[in-house]
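A.B. asks: Spelled out, the chains give:
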Amino acid sequence: MTQPIRILLAKIGLDTHTIGITVLAKELRDRGFEVIFSGLKQTPEKVAHAALQEDVDVIGVSCLSGGHMTHLKVLAEKMKEMGLDDRILIVGGVVPEEDVEPLKALGVDQVFTMGANMDDIAAFLRSAVSV
Amino acid sequence: MRRPIVLDDAWRAAIQSRDIATLARTITAIERSPEFLLQLSREVFSVQPVSSIGITGVPGAGKSTLLNQLIKHYRQAGKNIAVLAVDPSSIQTGGAVLGDRLRMQDHALDDGVFVRSLSTKGQLGGVSETTFITAQLLKFAGFDRIFIETVGIGQNELDIVRVADVSALVFIPGGGDYVQGIKSGVMEVGDVFAINKSDLDGVRALEKVLQMEAHDRENKTGFVTTVCRTNAISGDGVAELSHALETALQSSQALARRASQLRAFSELLLTIELRQHWLKPFVAGERGTAFFADLERGKTQPADIVDAFREAQE
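Protein sequences, first through last, are from chains Y and X.
No gaps in the numbering here: position 122 of the first sequence is 122 in the numbering used here, and each next residue is one more.
No gaps in the numbering here: position 163 of the second sequence is 163 in the numbering used here, and each next residue is one more.
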């Protein structure tokens with residue numbers, strides 16, 4: 001039996017748009033993932049600490065507030081500092097096209113914007129993570 | 001690919017200094033490899049006993065939020081705390097949403113608090129198969145108290161007694177009359193009864209039922225069961241709950257339970273061994289595959305699997 005991939009889902013900062021992250025949690029659950037739902041109004045430090053304790057394979061950050069560049073820069077730094085830079089980091093939400101490459105340059109592995117397909121997200125994670 | 005964990009002196013030193021990354025990776029390895037679970041079991045029992053406390057009760061009773069308050073209480077006393085928070089996995093996909101951590105945010109950046117979310121991995125008793133050995137690892141790491149939060153339970157999830165020395169059974173007002181209180185099953189796992197959300201209507205009625213059960217139990221066994229009112233949002237009653245749990249930990253019942261846990265864990269190791277080396281190879285092997293194919297076509301009946309298994313061992 002294959003082991004479930006563990007993913008931490010979080011929202012950082014003042015952003016209460018929870019539908020996307022909730023739907024993603026349910027859809028990944030139904031595709032056999034273990035989703036640690038860490039909730040809203042997190043700081044990058046809290047997300048990195050939770051990821052370390054939970055030993056997740058993937059960190060997923062949902063951002064619909066426009067703060068993605070700022071938050072992800074700090075989170076990627078924290079992850080590096082804590083030895084978590086071998087984990088997959090994905091971002092979802094409202095991210096303008098021109099920010100995708102700069103996010104990847106920070107260490108984000110993939111960005112899923114509006115209309116992203118759940119099967120594509122799951123397939124990406126399965127190919128990126130070897131459990 | 002993650003580096004495999006080697007149980008050497010460097011690993012021991014890292015665990016006993018409560019290095020979070022090593023602890024976290026070790027817990028993952030326990031969950032992902034039965035062979036590793038067995039190896040680890042040879043390492044982590046050489047410690048002084050550390051008390052483990054179960055938190056159990058119906059879904060939405062406020063177990064995680066109450067735990068958030070209990071952690072605060074123990075932290076003020078300078079104790080290092082580890083929490084294993086169990087949530088259910090899907091029987092169809094194996095997937096899970098683990099949402100207990102979210103209620104314990106007050107301690108997110110505190111190095112004296114370690115929180116790990118576990119899925120039941122298909123187990124039905126309220127905790128997962130790996131919960132006991134994971135708690136033992138945390139004891140080996142030197143945490144002062146280990147808390148184990150079960151899944152939200154109904155009337156029959158009793159495995160918490162196999163992993164925790166004492167347990168708080170968390171209730172909420174409005175849950176039923178006295179007949180619920182005299183059934184066997186879940187009432188037996190509570191060493192302390194906590195009535196959470198105690199600002200709601202119906203507290204007094206529930207308290208009466210629980211006190212009746214507590215008195216009856218004391219008459220028969222001599223063990224005192226404290227009934228506490230708590231409010232996990234305000235923190236009211238949490239000091240009393242903690243005091244009741246610590247008192248229960250001193251009882252001979254807690255000691256007896258610890259001994260029975262070792263027995264249950266030994267049996268579990270044997271179950272895992274049989275599953276890994278006998279059951280799984282048989283089911284996936286030639287005879288097993290043939291049996292299930294025949295079963296599907298109606299050419300055989302369930303009991304024939306036992307004969308096929310016995311033949312395969314000859």
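The hints are simulated quantities; they were obtained by calculation from the structure and are not laboratory data.
By construction, the Cβ of each residue, glycine as well, lies at the ideal position given by its N, Cα and C atoms.
Among the clues, some could well be false.
[Said to hold, decoys possible] Computed beta-carbon distance windows for the label pairs:
{"id": "1", "chain 1": "Y", "residue 1": "L106", "chain 2": "X", "residue 2": "T93", "range": "31 to 37 Å"}
{"id": "2", "chain 1": "X", "residue 1": "Q276", "chain 2": "Y", "residue 2": "M118", "range": "54 to 60 Å"}
{"id": "3", "chain 1": "Y", "residue 1": "G67", "chain 2": "X", "residue 2": "D144", "range": "47 to 53 Å"}
{"id": "4", "chain 1": "X", "residue 1": "A308", "chain 2": "Y", "residue 2": "E101", "range": "44 to 50 Å"}
{"id": "5", "chain 1": "X", "residue 1": "G122", "chain 2": "Y", "residue 2": "K73", "range": "37 to 43 Å"}
{"id": "6", "chain 1": "Y", "residue 1": "E77", "chain 2": "X", "residue 2": "G142", "range": "51 to 57 Å"}
{"id": "7", "chain 1": "Y", "residue 1": "S127", "chain 2": "X", "residue 2": "K220", "range": "25 to 31 Å"}
{"id": "8", "chain 1": "Y", "residue 1": "A116", "chain 2": "X", "residue 2": "A264", "range": "53 to 59 Å"}
{"id": "9", "chain 1": "Y", "residue 1": "T16", "chain 2": "X", "residue 2": "D111", "range": "25 to 31 Å"}
{"id": "10", "chain 1": "X", "residue 1": "G122", "chain 2": "Y", "residue 2": "G67", "range": "51 to 57 Å"}
{"id": "11", "chain 1": "X", "residue 1": "G122", "chain 2": "Y", "residue 2": "S127", "range": "21 to 27 Å"}
{"id": "12", "chain 1": "Y", "residue 1": "S127", "chain 2": "X", "residue 2": "A308", "range": "37 to 43 Å"}
{"id": "13", "chain 1": "Y", "residue 1": "G66", "chain 2": "X", "residue 2": "L200", "range": "38 to 44 Å"}
{"id": "14", "chain 1": "Y", "residue 1": "V94", "chain 2": "X", "residue 2": "Q301", "range": "35 to 41 Å"}
A.B. asks: Against this structure, judge whether each hint is valid.
C.D. replies: Hint check results:
Range check, L106 of chain Y to T93 of chain X: Cβ separation about 32 Å, and the 31 to 37 Å hint holds. As the Cβ distance of Q276 of chain X to M118 of chain Y is approximately 34 Å, the hint placing it in 54 to 60 Å is violated. Judged by the Cβ atoms, the range 47 to 53 Å given for G67 of chain Y and D144 of chain X is violated: they are separated by roughly 38 Å. As the Cβ distance of A308 of chain X to E101 of chain Y is approximately 59 Å, the hint placing it in 44 to 50 Å is violated.
The hinted range of 37 to 43 Å is satisfied by G122 of chain X and K73 of chain Y, whose Cβ atoms lie roughly 40 Å apart. The beta-carbon spacing between E77 of chain Y and G142 of chain X, approximately 30 Å, falls outside the hinted interval of 51 to 57 Å. About 60 Å separates the C-beta atoms of S127 of chain Y and K220 of chain X, a value inconsistent with the hinted range of 25 to 31 Å. About 46 Å separates the C-beta atoms of A116 of chain Y and A264 of chain X, a value inconsistent with the hinted range of 53 to 59 Å.
Taking the beta carbon of each, T16 of chain Y and D111 of chain X are about 29 Å apart, inside 25 to 31 Å as hinted. Checked against the given bound of 51 to 57 Å, the beta carbons of G122 of chain X and G67 of chain Y, roughly 39 Å apart, lie outside it. Checked against the given bound of 21 to 27 Å, the beta carbons of G122 of chain X and S127 of chain Y, roughly 26 Å apart, stay inside it. Taken as a hint, the range 37 to 43 Å holds for the pair S127 of chain Y and A308 of chain X, whose Cβ atoms sit roughly 39 Å apart.
About 40 Å separates the C-beta atoms of G66 of chain Y and L200 of chain X, a value consistent with the hinted range of 38 to 44 Å. Taken as a hint, the range 35 to 41 Å is violated for the pair V94 of chain Y and Q301 of chain X, whose Cβ atoms sit roughly 58 Å apart.
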